[in-house]
Every structure is written in C-alpha cells, then in structure tokens.
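Chains as they are written, first to last, in the numbering used here: chain A, 1 to 436; chain B, 1 to 436; chain C, 1 to 436; chain D, 1 to 436.
In short, the hints are calculated from the structure, not lab data. Even glycine gets a Cβ: it sits at the ideal position worked out from N, Cα and C. Be aware that a few hints might be false.
[Said to hold, decoys possible] Just a few of them, taken from the derived set where beta-carbon distance is under 10 Å, the chain C residues facing chain D:
hint, residue
1, 54
2, 95
3, 99
4, 102
5, 113
6, 114
7, 173
8, 184
9, 187
10, 188
[Said to hold, decoys possible] Listing some non-contacts, in silico: residues in chain D with all C-beta distances to chain C over 10 Å:
hint, residue
11, 19
12, 25
13, 29
14, 48
15, 74
16, 81
17, 87
18, 136
19, 137
20, 153
21, 156
22, 188
23, 222
24, 250
25, 435
[Unchecked claim] The calculated label-pair distances, taken between Cβ atoms and stated as ranges, are:
hint, chain 1, residue 1, chain 2, residue 2, range
26, D, 331, A, 30, 49 to 57 Å
27, B, 19, A, 278, 36 to 44 Å
28, B, 264, D, 268, 16 to 24 Å
29, B, 283, D, 182, 40 to 48 Å
30, D, 422, A, 383, 27 to 35 Å
31, C, 317, D, 87, 45 to 53 Å
32, C, 187, B, 331, 54 to 62 Å
33, A, 173, B, 140, 32 to 40 Å
34, A, 334, B, 90, 31 to 39 Å
35, B, 224, C, 317, 18 to 26 Å
Number of protein chains: 4
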Amino acid sequence: MNSAVAEHAHARAADSTAQRQASLATRLAQTRAATVALLDGLSPEDCQIQSMPDASPMKWHLGHVGWFFETFVLSEHAPGYQSAEPAFRELFNSYYVGVGPRTPRAQRGLMSRPAFDTVFRYQQRVLDQVLVLMHDRTLPDALLDTIELGINHEQQHQELILTDLKHHLSCNMLLPAYRPEPRTPAGVWPQDKVAYPFLRVDAGLRQIGSPDAGFAFDNERPLHRVWLDAYEIGARPVLNGEYLAFIRDGGYRRPEFWLAEGWDVCVRSQWQAPLYWLDTGDAPQLFTLAGVQPLDPFEPVTHLSYFEADAYARWAGASLPTEAQWEVAALALAPWRDGGFVESQRHHPHPLHTLDEKRLGGDVWEWTQSAYLPYPGFETAAGAVGEYNGKFMVNQMVLRGGSCATPRSHIRPAYRNFFPTCTRWQFSGLRLARQV
Amino acid sequence: MNSAVAEHAHARAADSTAQRQASLATRLAQTRAATVALLDGLSPEDCQIQSMPDASPMKWHLGHVGWFFETFVLSEHAPGYQSAEPAFRELFNSYYVGVGPRTPRAQRGLMSRPAFDTVFRYQQRVLDQVLVLMHDRTLPDALLDTIELGINHEQQHQELILTDLKHHLSCNMLLPAYRPEPRTPAGVWPQDKVAYPFLRVDAGLRQIGSPDAGFAFDNERPLHRVWLDAYEIGARPVLNGEYLAFIRDGGYRRPEFWLAEGWDVCVRSQWQAPLYWLDTGDAPQLFTLAGVQPLDPFEPVTHLSYFEADAYARWAGASLPTEAQWEVAALALAPWRDGGFVESQRHHPHPLHTLDEKRLGGDVWEWTQSAYLPYPGFETAAGAVGEYNGKFMVNQMVLRGGSCATPRSHIRPAYRNFFPTCTRWQFSGLRLARQV
Amino acid sequence: MNSAVAEHAHARAADSTAQRQASLATRLAQTRAATVALLDGLSPEDCQIQSMPDASPMKWHLGHVGWFFETFVLSEHAPGYQSAEPAFRELFNSYYVGVGPRTPRAQRGLMSRPAFDTVFRYQQRVLDQVLVLMHDRTLPDALLDTIELGINHEQQHQELILTDLKHHLSCNMLLPAYRPEPRTPAGVWPQDKVAYPFLRVDAGLRQIGSPDAGFAFDNERPLHRVWLDAYEIGARPVLNGEYLAFIRDGGYRRPEFWLAEGWDVCVRSQWQAPLYWLDTGDAPQLFTLAGVQPLDPFEPVTHLSYFEADAYARWAGASLPTEAQWEVAALALAPWRDGGFVESQRHHPHPLHTLDEKRLGGDVWEWTQSAYLPYPGFETAAGAVGEYNGKFMVNQMVLRGGSCATPRSHIRPAYRNFFPTCTRWQFSGLRLARQV
Amino acid sequence: MNSAVAEHAHARAADSTAQRQASLATRLAQTRAATVALLDGLSPEDCQIQSMPDASPMKWHLGHVGWFFETFVLSEHAPGYQSAEPAFRELFNSYYVGVGPRTPRAQRGLMSRPAFDTVFRYQQRVLDQVLVLMHDRTLPDALLDTIELGINHEQQHQELILTDLKHHLSCNMLLPAYRPEPRTPAGVWPQDKVAYPFLRVDAGLRQIGSPDAGFAFDNERPLHRVWLDAYEIGARPVLNGEYLAFIRDGGYRRPEFWLAEGWDVCVRSQWQAPLYWLDTGDAPQLFTLAGVQPLDPFEPVTHLSYFEADAYARWAGASLPTEAQWEVAALALAPWRDGGFVESQRHHPHPLHTLDEKRLGGDVWEWTQSAYLPYPGFETAAGAVGEYNGKFMVNQMVLRGGSCATPRSHIRPAYRNFFPTCTRWQFSGLRLARQV
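Same shape as in the complex, but just chain A:
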C-alpha cells in the first residue's frame, strides 16, 4: 500500500469511528429515554418490590444499569472520575465477583435506602457523564465496544423490568394492571382442528452464530459450522387454542408426555396451566400487564416452562427445534414481527392475536431443545466483564426469537437467550419441529 492510499484508509477508518461514536451516543440517549418511559405510571413503591429471588425491583434495575456504565466505562476510562455514590459499587453489582462484594440476590428488595429518586438521579447522571465523555473525546474502539455492550445490557434490563413487574403485580391479591386497557372480544377457536403449518428445511452443512464484525454478545460467537439433517419447523408459534386442547386432553395429568424431572416439578408445584392462567374452564382468563383479560385462543401461548413446552411437543407428536434448526430456518420465516414494545406505541406488552401463517419473533421467546453451552471456540473477554455470559453455561436451555417485551434490536436470528427449565415468568412459548 502506498502512503497516499494508507492515509486515505486511515482517514476513512477515523471517519467511520467518529460516525460510530456519534451513532452510539444517539442510541444511548434513546435507550435511556425508553427506560424512563417504562416508569410511566409507577410509583417509588412499585419500583421497590422483589417478588422472588429470580426477579429484581425496578429501582435495582435502574441502579444496576447506571452501575454497569460507571464500573466498566467511567471508573476505568473517564479521567479523574469520582463516583458521587461510592457505596453503589456494592449495592448494585449483580454477579461480577471480579468487581467485589454485592447485595445478595434475594435481598435486592430490602433497600428502602437509597430512595428511588436518588437512584434515578444516579443513573441519569452516570449516563449524562458517558455522553459528555463521548462528546469531549474520540474514544478508542474497545471503549466504544464496551459502551455498545452497555446499551444492549440496558435493553436486556428493559425486558426484565417488564417481566419482573408482571410477576410482582400477580402476587398482589388485587391483581392490579400496569397499563389498564379495554380489550376487544377474543376470537373463537374453530371446532375443526386447525392444522399446524410446517416448513421444510433440507439437510446440509450450515453456518450459525454471529460474525466477529458488528455487535453481538460473546455467547453468539464464533460463527461456526453445523451439520443438519433435513427437518420441518413450524411456521408460527403454538397458540392458546392449541395449548388448551393439550390441557383438556389431560396434559397436566399424564406423565407419559413429560420428562421425569418435569413431571416431578409439575406434581410438586401443582401446575395445571401456564403461569398467569387464572382458569381453564369454559371462559379462561389471563392475568396480563393490562389486568385480567379473557384468553384469546389465537394468541401464542406464553409463560411456559421448558418442561411444559417439551410435554406439549411430545403430545403433538413433534419435538422442540434445536437452536441450530431454529436459526437456520429463521431466514425462511422472515419477515419477522418486530416485537419492540419498548420502542413502539403499544400500550402494554402482550403477544398479539393473529391469523398469519408465518410469524417469527416479537411475540414469545421460543424454547429450543438445545442446552445453553459454549459454541466451539467460545472465549470470554478479559476482566470482570468476561463474567457476562460464560459462567452461566450449564443447566439452562436456549430460547430463541424475542418476545413482545424484547427491544427491537434484540430480535435477530443468532441471539441466544437462556433460562433454567422451570422458568415461567418470561414471555416464553414454543414452536414445533420434526425430523423428516
């Protein structure tokens, strides 16, 4: 390369870095606005409750989002940065052992101090300072990477804010609504069996995962090859009407459909329907973020554990797809729904009634038959941020797709969500698959 060319290339790279930095600053501001918008209609009391160890209070989510930017961006990279709230380094650390002590997970709801306003201002100030840093200087790529990770991290917490809130409201005997909404009458499930539509995918050596360029979480990498035998996969998620037939066929009383561990959990927990179903009789009702509503048989079924999804699939003579089957089929299943309650004008997040044949993403996370394990060649980042995903790669299953509560930019074919097999408080559903 002669020097003129090299100079030109360098300038172009600088341009591109500057553009990226500007674009990230905009996204950071937008993300923050979206987080703040979620708080509409919530009081400090609403924001303090932790209804189970798996869930966290809104106040904690806010503090933790600020903590992430402070710990991994400002403390390490902003010259002379002094935290206004040094105690928050422990209070709002989630699970980063490398950063130090932290509030025990089950005690996140016991913090009446700091007050909500203090935490809110802390989070706002931290994000302001990140914006100032981005305005004042040209930041190295690695730091921009961390900021982009922080934005995506905040978006993950946006979804958790909604699912954790739904759970805590459901524990209240009043069953209060987050955003009340009158509901149009639901459709009626046809007497005749509704065929479940399958698409065929041919055998072949495929590639899955996220490329090195562009943003992705570490667990989506590296891009790698997998061999897939020919299979069929559902064109849409399983719907409430279909799931109700499973229930009425004794699905929750017949061990032959269940994994052994799942059956134990089902009996011990006295499951009789998905979480938030209030009744399975003639007029089934659901608890939603808009309050108690009649069940719509054309909505995708949601709030299933892995065990329920798997039992349904066996009852239906099919199985859950593997994550590779799912990802490879994703292109064929486009166009996607964009979910994105967070960015949309929708009133509250809930899967949508539909008659569409093809449908992917934006309604429910879909359980796959794949355990959450490292891809071949997976590597964690250096330092505490390397604890982000890798240390959870055991005894969990992968979910794909993205739900009605998932930010739009998190809905992509390669995205790997993961939860333990008993989890039901996420918007989790399923799609069938079968070997050809």
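With the hints as your guide, set chains B, C and D onto chain A.
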C-alpha cells in the same frame, strides 16, 4: 333495693359508662397520634419493606390497625357502615380465620398497591369514624371493651413497627439509621467483678393474673393462685458487660451451657453474639435505630433468643425466673421504668445505660422459664376476636416486663408477652433467678 | 448413739445395701432377658433399619444399651476394664456431648458393620461383666444408683424398640406384621351417644413429683407443692369410636378446633386421621404390630400428635389435663392397668378393647397441657449422665400414664414422658379434663 | 429372488437367530454369575443399606434385575407365567410409570422384608426361567432384543452396586473395606511439571452414534453426522498429582475458575477436594473399596462432579471435550484399557496407577461438555421399556469412557453415560481438550 336507689345506681353506672367512653375516645386519638409520630422521617418506600416472614411492613401495620377497628367495631356496630375499601378486608387480615381469606404472611411486603397514602388515609378515616360513632351515641359496654382492645392492639403494633423497622434497616448494606443521634461515650466496665444483686421472696400461696375488672388481654386471665417456694430474683436485667464475659468465656462454643435444641440452632445459625452485635472484639459495636454505635457495657443486654438467655443463666449458676416468680416479685421491684418511647420525648428506642440497683420494665422484655400456656380456667371470647391470643398457646415462651419500645400502658406486672425460642429481633433480654 | 447401736445400724444398712445389690442384679438379668425376648422373630435385616431420624434401628438400641453400662459403670468403676470394642464408644453414643463424638442421629441406620451378632454379643458381654462386678464386690450406693438408672434406661429403649419397629414396618409397602395374630371381631359403637365419664377433684394445695428416696428419673424431682383449683378429669382415655365422631364431624377440616401451629402442620402434612389409620370410611382399618386389622371402636385412640389431642379436646368442649391435675387424680383412678407387654404373655403391644369405666395406664401415653420444663429446684447430676433429661426441657409437652409398650415398672403417677408436639409414632392418646 | 435362494436365506437367518439365542443364553448365565460374585464377603445387612436417595441397596438392585426380566420378558412372553412373588412388581419397579406404582426412590432402604435370601432366590429363579424359555423355544428377534437389553441392564446395575456400596461404607464411622488389600507404596510426583499430552484431530464432517445393527442403548442412536473443527484432546485422563496442584493453587477458593452454579454448590457443600479424599495435606489419603489408602499421584483423579472437572479444565487453560470430540478421538486413543473389574481377577475396583502416555477407558468415566440430549431422530421404544433413557434427557451431562467398575462390554466409543452436574459418587474424572 328500692327504686330510688336503683335509679341512682343506674345513673351512676351511666355516668361511669359515659366517662369511660369519653376517656377511651381521648386515648384513641392519642394512640393514633403516637402511631403517626412513628412515621416521622420514613418514606413510603421505608414503609413497604418486609425483611422476613416474622416481620411486617409499616404500611401493613397501618392497614391492619385500621382493619381491626373496621372489622370488629364499624362493620358490626356502626349502622349502615359501608367500607370505602372493601378489598382491605382480605388484604389486611392478619390471622383471623373466622373473618376469611387474607394475604399470606410472607407476602405482606409485595403490596405496592394500595399506595402508602391510600392506606394511611384509610386508617385515619376508620379511626375518625370510630370517634364519630363514640361522639354520636352511647355505646354498650361490650363495644367499649372492643374499642379498648383495639387501642391496646394498636399499641402492640407500635412496638412491632419499631422492631420490624430495625430488622429491615439491618438488612441494608448501608446500615442506615432511623433517627441518627450522636452518642456520648459509653462507660467502662470495671475490672473487678460486678456483683449481680438478688432480692429474696418468701414461699407462699400467691395470686397472679389480671382481675376481671379493667382492661387486660384474655391471656392474663383469670386471676388464680399458685404456690411458690422461696426464691431469689435479680434486681435488674443482665447487662452487656456481664454478657460479654459470657461470650469471652466461650459461651457460644461450649454446649454444656445450652439446651440441646438451642445448641443445634446456635451451631447451624453460626451465632456468636446477640443479634445486631457487629463485633465482639476490643471495641464492640451495635446496630441501633440511631445507626452503628459503640456498645455500652452498662446497658441491659438485648436481642437475645430464649436459648441464649437460658445458656447465660446456666453459665451464671442461676436460671431464668418462671412467670409467676417474676410477677410476684414485680411489686418488690417497683418503681418501674416507664419505657414508653412511643409516648416519650426520647429520640429512638434503646435500653438505657444505668447504674441503678433496682430496675424493672422499660428496657427489655425478659425471657421467663414458663411456656406460654392457658391459665387455669382460661376462656376465649366468642367470634373471630377469640383468635386473638389463645390459638398461639404452644411452643412459645413467656416474656415479661416491657421494653424501651413498649407503650407505657403495656408495662404492668400481669402482662404476658410471648415468642418462639429462636426469636431475636424483639428487644429481649433476661433477669436471673435462683431457688433458695 | 452408743457403739453397739451404731454397729447394728451400720450392719443393717450394709444388709440393706447387699439386699439392694442382689435385687438389682436380678432385675438387670430380667431386663436383659426381656430385651432379648423382643428380638424373637426378627432378623438382622429387621434390626438394622432406621425409618426416620427420630427412630433408631434395633441394632443401635442394643449397642446403646450396652454402651450406657460400659460408659457409666464399667469404664469408670470396673478395675482395669478394657473395652473389647473401643470404637463403640463413638458408634453408640446417643447424645452425650460430655462423652465425645458420636454417630449423627440420622445415620444410625447406615451401620451394616458391626454386624448384628457382634453388637448383640457386645451388649450381652457388657451386661455379664456388670453382673460379675456385682457378684464380686460390694458396690457403693452411688454406683448402684447408676446401675439402677441403667436398668430403667434399658427399659425405655424396650419401648422405643417396639414403636420404632412399628414405624419401620409401616414404611414397607407390604405392611408386614411383627407378630401376626388373628383378631376377634371388633365391637360395634352404639348409635346412642356414649357418655364420657368424669371424676371430680377438689381444690387444694397438693404435692407432686417423686421423693428423694427410691428410684426416679431426675426430671420427676424434687417433690413440690402446687395449687390446684377444682377440676374434673376423665375416668378413661378417649376411645376410637369417639375420635371417629370427631373425624366425621370435619375435625381435620375445621381450623376453629386447632392451635394455629397445629393447623399449619395438619394442612401441610395432609393429616386426615391418626397415624396408622388406613381408612376412615365404613370399615376403618389400622396397621398394628400384628398387621392390618379392623379398627375396634372401644380401644383407646392412639398415635395422636399433641395437636390432634388438643383439637379433639376443644371439639369435645373440654381440654387436656395439666400434668399436676393428672398426677393428683392418678390415685383416684387406680387400680391401674399394668401395661407391660414387655413382661407379659401378650402377643404384641396394642391398647386393649374395654368396657371398663375406670382405666389408667397400660394403654396409651396421655398428652397433657403441660410443657416439659424443670420442676422448681430441679438439678442435674454431675458429669455426662447429667445430660440424661435436663437438656431437652424446651418445646416439648409432657405425657403421662404409660402405654401398652411400656415396661410395668415405668407405670407410676409421677413419671414424666415428653415429646415434641408433632410426634405421632408413640402410643399416644388422651384423656379429657375440665375446670369446674 | 427365486424360491431356492429365498429358502436358503431364510435358513441362514434362522441359523443366525439360533446362534444369537444360544450366545445370549450364555451371556445371561455369565452376567448372573458376575453379579453373584460381587456379593462375596457381603452380609444381608450390607445388602440392605441405602445411604442417600441417589443410591440403592444391593438387595434392591438384585430384586430390580429380576423384576426387569420378569416384567419385560416372562410376564409378557412366557406362556402361562405366574409370578411367585406378585408383590415384587411394585416393590422393585424403579421408575417405569407405565408398569404401575413402585417403592418411592428414597425408601428403597426401608425393606427388611422380603429378606435378602428371598430376593436372591427370586432373582435366580427369574433368570433360570428365562434360560428355560430360551432353551425350550425359538424366540422372536424382538424378544431376544429385550433379553439382550436385560443383560446390559443388569451390567449397569453391577456398576451401581459397587459405587453405591462404596458410598454407604464411607458413611460408616469405621470406614470399613469391601475387600481389604495391602497396598504397594505410591509413586512420587516429580518436582518438574509433567506435560499433559495432547493429540490433534483434524476438522471434518464425522459420524457418531451406534448403528442400527447390533446392541446399543436407544440413546446412542441413530448414527448421525456432526461437523467438528480441528481440536486437540488429551491422550490420558488427568491424574491425582495434577489435580493436587489445582487444589494447592487455591482451586476450591477461587471463583474465577468455576461456573456460577458450581461455585454456589462448592461453597454451600464446603467442598475442598474430590469425594473420598480424607486429607489434602502432605500425606493425602483416600477412602477406597479396599479401605483407607495413601493417595497415588499417578492414578487418574476420580469422584469429581462436573463442576470440579470443568473448573480444573479452566484452571489448566483448556476445556472439557464435547461428546462428539471424545467419540471421534476414541479410535485414535485405542488400544483401550478394558476396565472390567466385574469380569477380571482384580481384587477391588479402583483406577490404576500408570505411566502410559495413551490411555482410554477402564479407569474413570470422563465428563464431557455435552448436555445429555436426544440425538437428531432419536426415538423411544413402544411401551414402558421406552422409559429406559429418554425421559431423563434434561439437566444432565454426558460422560464417556467407562470406569474401573464398568463391565467390559460397556466400554465402547459410542456409549453415553449421564449424570447431574453435582454427582460425585461415581468413578468420574476428566480428560482435557482444546480448540486448535
């Protein structure tokens, strides 16, 4: 009786009832004012936290106090009474099976709705309506009895508000103070052994319990005879300095001082000192409602379980008194401290430093060696209010005296407090006794 | 006293000691024979099972009985004694912290080694050596006291052998019998209500407990005075026919009869009848040590927890007696049944069908309303043997009387048995009482 | 095909079936002999103990082996078969819901009846009757398949008999030996680092699993293709000397090496070394089936949970292999050790001291990084026998290889063993792998 006399007697009784009614109305208003005063400096967030199943949020305490008057006074006796908050009948029922369903005990902290202000206004309005009822009509004695019970019930919750608050603040990594206060330097425990002062009580057939006339809880009745052999009882509670000697003599490592069940609990719970002691080294510290403070060796030791109190007594070559021994000695031990943080000008409740020889009440509840069981001839009231005390008479021990957090009028010789043997979050201490 | 008289007195005391020693040697041999007789029909496999932490394997009971004599008699008092099985000092120590480490209680069933025969021979040899010691020398009174304690200790384990065996057989799906026996048809409970017979006892200052002279467990001492108001007490235990009426009146579904903690246990444990009742329908059946048998309505009800006994009493408009009420009434209730399966020719232990009006002891242990606490002036013995009873004096209730599985010499008015409130595997029943 | 050829083919198939039947009968007899040989030196008491819910008593294993042949062979296929022990259908059913009720898993140790001899004779008689059936008639292929499954099933229980026995002996304070053996002095681990030998495997599309022909468990099928990137895999398992270095480098105190869930388990369970290590100081000792022995640094490390194996791998800068990596490498790693304690003349099962560079199978099961999930196209058999493997395919990890306690014929490349991540009582170790 001739009719003039009868008329006179009737008029006098009416006068006396009228006076009683007026007096109760005043006490009701004062009690409410004392409850409200406890909230000074607390936010709605502070009032929502439940740090363990045994404790309740302030908001719940408030709602429950209102619920008690609404359920047992207004709903049954105020003509045409309609609750403004019918759902509260379930939300704020504590344990009265006869009244119907209720929020599960461990989920009292999951109510962000109703908001604190709603609950506060509810409780105020209910008490206002009771006052209106008392102003408008002459109420029958039985109803005045229920109102008097309601006042005493509210006072019990005043104490619980303070101990529950202390526990929840102690779970916060920040160890925040309810009412911060600079503390004068503590005294120094003398090198020489401080003699523990005993008083002698002669043998005899004694009477304990509360008479039928005047207010008392049902569990204090009936008045009945007990035979007591001669005994000695401490003139004051055991002090921190004395308890520290027990700790330093290996008290928490030597099973020979402990009941078998107590030793199991001690090992399993890794107890090394009373609850809220942060350190037992050269400069021991306590968590108090005024924040972290140096330990004062002349204060009565507090936040002990029954097992610790009993182990200390055995180490000291003595025992805990029975409740009859305690009650009979109470007159000899007068004058009492009046405790009464709730009514006093003190800044926060904590046992007081003292050099007095004789001292009873107003510092700590004192564990006795008596199980909480019905007195001979004990009877419960008809209806749901009969569940007040009787159904808890098993597997608990009686405490006597009254603590720094106890309302003044609850400090009386016959008062029976009771808790399970592992309980430590109350202001519980001990006094020694021994057989002659 | 002149010297002749003194000599005479001394000789008489010596005579009496010699007689006592001879008599104890005989009792020791008899007790051992009775223990061995219990093993008839049991295999080493039968003797190894521990069906719950509260129960122990027969093999362990045998080893522990030997251990007690070895530890407290031979090791301390037999000159030059060397244990043939030094490891047994740890293996068969029950709960004596002062003696050293021990097999954890819940792991007593995990000892396949030593083999049953080894343990049996050990126990026999130890008792032989105690007999040799008693033959060879005149032993001091204190040592004879310990031997007498050892005999009574062995008898307590005879009862536990039977109740632990019953429990373990009941866990076997085959419901095998210890000693099968054809059973005569049970009586039929009369249509008309059977009156429950009460005896009246006048008020007065009474004396209860065991005198210093003669054998008694430490927890029965000292003899002391108690004041009792006038009361009535049942002339016989409550019978199956009566208890069945409680069940059929919804006794296990109506919380108003239960202590709060008892109701929680009842719901959580899904109790619907006493332990070992297989059915409460038209033809109720029991599991007994003679196998499954039809329920006889005239037998005393047994295998009740304290909570069930207390709930029954409340349903019947009465209460449980206190232990003082029970003990004072015991003389009036004589003659006693002698229970004593162990010494008798009966085929297997079970409460007896009866139509007698007056009946005490030998059928079931009777729950009292008294917590198990030290008597005034109670003192423990020095050394590890002092751990015998005292350290369990908390959170248990006293039972009085003695059951069909109780050795005859354990049936006396002052005897205090004790168990936690949930206990059901003992032969435990009840007798009613009421205040006059 | 003309008819002569067809006839010939048919005759050849018949020959081959007859040969197969004869060969299976021989194997059945050999397998039974091997099972009986395991009982040498064990008493009925030894055979009854269940030391934890995961383990089973020897007596139960025997009964269950008989039960399997009775239920799936005799009851369904032997004309007029009547069980001599009909109750055993419930007693010895392990987990086959389709067969009916069964002894709860945690209560398998509570069966003193039937006696060991009864169960032993039952198992012998059932196997005799299967042999008679095989002698008397020509059985259809499907039934021979079931008999072959039964033989393999019995072999699996042979291994469990050994590991369950080891666990129960380890719970005995005496630490008794199954087969005592004097032990030659262990080698000394060299001061210099011992290089861990890796073999390289090239990338490619490979085939794993078991073919349809010949015996294999259903979970090994179908044969299917997988893509593998190039990798390296250890030529031998990790040795005690290497693992000791991990311990001494703080392996059990440094969370950075552990999966999050593993670290929680490690802390909560107070793990400080593999199971059965009695000491990690200067002279480490192990509990083995030959009693307590000095640790040999050249033996493969064993009794590791998945979490410990994974943490070691991370500490060593490597990872665990996937099951596909392991299986593909297996040919390169041949010749294998044949393990096979059961068939061998070895005195007791324990991994062997070795200096060999290449070593596979016969020492320890090796944890892989693969979750136990169905292969693509996996299908279960019809009927209850279909519950054999499939219903456990969740929340477990695959182990490969075969241990010192594994029957010889179970050591094959495609064999998939599986256990939950906390499991330590199997002979489980590890081999390292790394991406190229």
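Checked hints:
1. Restraint check, residue 54(C) versus chain D: the minimum CB separation of about 14 Å is more than 10 Å; hint violated.
2. Because the smallest distance between the Cβ of residue 95(C) and any Cβ of chain D comes to about 16 Å, over 10 Å, the interface hint for this residue is violated.
3. Given hint, residue 99(C) at the interface with chain D, is violated; its Cβ is 14 Å from that chain's nearest Cβ, farther than 10 Å.
4. With its C-beta approaching chain D no nearer than about 9 Å, residue 102(C) sits inside the 10 Å limit, and its interface hint holds.
5. Proximity of residue 113(C) to chain D holds as hinted, the smallest CB-CB distance being about 5 Å (cut-off 10 Å).
6. For residue 114(C), the interface hint holds, since its Cβ comes within 10 Å of a Cβ in chain D; the closest pair sits about 8 Å apart.
7. Interface restraint check: residue 173(C) against chain D, minimum CB-CB distance 6 Å, threshold 10 Å, status holds.
8. Given the 10 Å rule on beta carbons, the hint for residue 184(C) is violated: about 26 Å separates it from the nearest Cβ of chain D.
9. Nearest Cβ of chain D to the Cβ of residue 187(C): about 31 Å, over the 10 Å cut. The hint is violated.
10. The interface hint given for residue 188(C) is broken, as the beta carbon of that residue sits about 33 Å from the closest beta carbon of chain D, more than 10 Å.
11. For residue 19(D), the requirement that its beta carbon stay farther than 10 Å from each beta carbon of chain C is met, with the minimum near 42 Å.
12. Residue placement check: residue 25(D) keeps its beta carbon more than 10 Å from all beta carbons of chain C (closest about 33 Å).
13. Consistency note on residue 29(D): stated as away from chain C, and its beta-carbon is indeed over 10 Å from all of that chain's, at 28 Å minimum.
14. Not every Cβ of chain C is farther than 10 Å from the Cβ of residue 48(D); the closest lies at roughly 5 Å, contradicting the non-interface assignment.
15. Consistency note on residue 74(D): stated as away from chain C, and its beta-carbon is indeed over 10 Å from all of that chain's, at 21 Å minimum.
16. Non-interface status of residue 81(D) relative to chain C is upheld: no Cβ of that chain comes within 10 Å, the nearest being about 22 Å off.
17. For residue 87(D), the shortest C-beta to C-beta distance to chain C comes to about 6 Å, within the 10 Å cut-off, and the non-interface label is violated.
18. Even its closest Cβ contact with chain C, about 33 Å, leaves residue 136(D) beyond 10 Å, as expected for a residue assigned away from the interface.
19. Every CB of chain C lies more than 10 Å from the CB of residue 137(D), the least distance being 34 Å, so the non-interface label holds.
20. Residue 153(D), annotated as away from the interface, keeps every beta carbon of chain C farther than 10 Å; the closest lies near 23 Å.
21. Non-interface status of residue 156(D) relative to chain C is upheld: no Cβ of that chain comes within 10 Å, the nearest being about 23 Å off.
22. Every CB of chain C lies more than 10 Å from the CB of residue 188(D), the least distance being 33 Å, so the non-interface label holds.
23. Every Cβ of chain C is farther than 10 Å from the Cβ of residue 222(D); the closest lies at roughly 39 Å, confirming the non-interface assignment.
24. No Cβ of chain C comes within 10 Å of the Cβ of residue 250(D); the nearest lies about 30 Å off, and the non-interface call holds.
25. Residue 435(D), annotated as away from the interface, keeps every beta carbon of chain C farther than 10 Å; the closest lies near 45 Å.
26. Look at residue 331(D) against residue 30(A): about 56 Å separates their beta carbons, and that is inside 49 to 57 Å.
27. Distance hint check for residue 19(B) and residue 278(A): the Cβ-Cβ separation is about 54 Å, which falls outside the suggested range of 36 to 44 Å.
28. As the Cβ distance of residue 264(B) to residue 268(D) is approximately 19 Å, the hint placing it in 16 to 24 Å holds.
29. Separated by about 58 Å at the C-beta atoms, residue 283(B) and residue 182(D) break the suggested range of 40 to 48 Å.
30. Checking the proposed 27 to 35 Å range against residue 422(D) and residue 383(A) shows it holds: the Cβ atoms sit about 29 Å from each other.
31. Judged by the Cβ atoms, the range 45 to 53 Å given for residue 317(C) and residue 87(D) holds: they are separated by roughly 46 Å.
32. Separated by about 58 Å at the C-beta atoms, residue 187(C) and residue 331(B) satisfy the suggested range of 54 to 62 Å.
33. Restraint check, residue 173(A) to residue 140(B): a C-beta distance of roughly 34 Å satisfies the suggested window 32 to 40 Å.
34. The hinted window of 31 to 39 Å between residue 334(A) and residue 90(B) is violated, with their beta carbons roughly 49 Å apart.
35. Between residue 224(B) and residue 317(C) the beta carbon distance is about 21 Å. The supplied range of 18 to 26 Å therefore holds.
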